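Student: Sequence:
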Amino acid sequence: MMESPFLALPGAVAAAPGGVDTGVAGHYGNPIVEQRHLERGDAIVDLSNRGVVTVTGPDRLSWLHSMASQALARLQPGEGTEALLLDASGRVEHAAHVIDDGETTWLIVEGDEAAGIAAFLDRMRFMLRVEVADASGDVAVLGAMSTSALDAATPAFAPAGVALDWVDPWAHPRPGGHQYAHDAGHPASDWHWIERIVPRTALAEAAAAVRAGSVDAAGSLAAEALRVAAWRPRLATEVDDRTIPHELDWLRSAVDLGKGCYKGQETVAKVLNLGRPPRRLVLLHLDGSDTVLPAPGDEVVGEKVRPEPAAGEAPERKVVGRITTAVMHHELGPVSLAVVKRAVPADLPLIVLSHGTEIAAAQVEIVPADAGAAVEVPRLPRLGVHKG
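Under the numbering used here, residues 1 to 388 are what the sequence shown spells out, in order.
Careful: at least some of the hints might be erroneous.
[Claimed, not checked] Mimicking BS3-like on lysine-lysine, the simulated pairs with C-alpha atoms at most 30 Å apart in a straight line are: (1) Lys-304 x Lys-318; (2) Lys-259 x Lys-270; (3) Lys-318 x Lys-341; (4) Lys-263 x Lys-318; (5) Lys-341 x Lys-263; (6) Lys-304 x Lys-341.
Treat the hints as calculated values from the structure; they're not laboratory data. Remember, predicted model here, so these are calculated numbers, not experimental data.
Using the sequences and the hints, build the whole thing.
Tutor: See below:
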């Protein structure tokens, strides 16, 4: 892919090499101000490092429906949704932002995922009337919190007469999904994220609109800060080789519990109905006095005070999780998402070990520690036991 013209804008600083957002601007000189502009709906974000896979043909929706965690068979033109592809054990392998225009289904994915997803889908075509292509070289993605900001940058792209604007369903639990997080105070209601697919040649037009002052530009750091504050999981950051959707509260937007016959479905149903997520997503408020922001993978340590500690005895420490994304938010200060063990108490003092520094952390539950089975299973009396 060509270098993004957004990297030539005044003040543009490329995202860290090797990170999840390599190839786009991390910021344009002031990430905190950019967050405010983005949150107000006055700025756009260059997401041209994302991949786009297309599926065409009359069988495309029913075919994708048969493999995905989300119900796609009756997806209406212009309707956006989110879908996961799981392995046989229910672990997340791929995630896609899905929109159909009546002729083509468009899948927005992480940039390094596009070729792999396209190859996987191509192998699964068999005799069905579908065609799969990696369109990342021809189209790109822009993000914003308002349609007006996107319109100020470049017109909506509608090759089949339907605008390819994917509206993130995270803002509200989808019908057919399930939410572990408590409704009270859930920040997703303030998350109005839109991703617009455009011809890759339109990036220069959008960058020119920024130069002309028609719209502001915000870097990937601003977008990530608002995403973390909304408790919104992302494949490139929150997912590892053990992740199941329940751990990230991803059943609320990416899984339809009313559909079946897809790989991993048994685990999805079993954990929801009879079990507990083995790990859980939390938001950590971090002590910012040392101005150290943790890195992905940094250890989260639980500090447990013994009931009767000896004089001078240090509290017992144990690794209970790892940081997935850490950001500096314009209102919350330093915060991060982390995946911790299920049994970690909500009030347990936590410490993040990063760069040789100990950072105190206060936990906000996303998936609660007491998240339990959705189905009450009656206990059967033991054989030979008589109750009078």
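Student: So, for every hint listed, does it hold in this structure?
Tutor: Going through the hints against the structure:
1. Lys-304 x Lys-318: holds (8 Å)
2. Lys-259 x Lys-270: This hinted pair holds, its Cα atoms lying about 14 Å apart.
3. Lys-318 x Lys-341: holds (11 Å)
4. Lys-263 x Lys-318: violated (35 Å)
5. Lys-341 x Lys-263: holds (25 Å)
6. Lys-304 x Lys-341: Holds, because 15 Å separates the two Cα atoms, which is no more than 30 Å.
When each numbered hint is compared with the structure, a violation occurs for hint 4 only.
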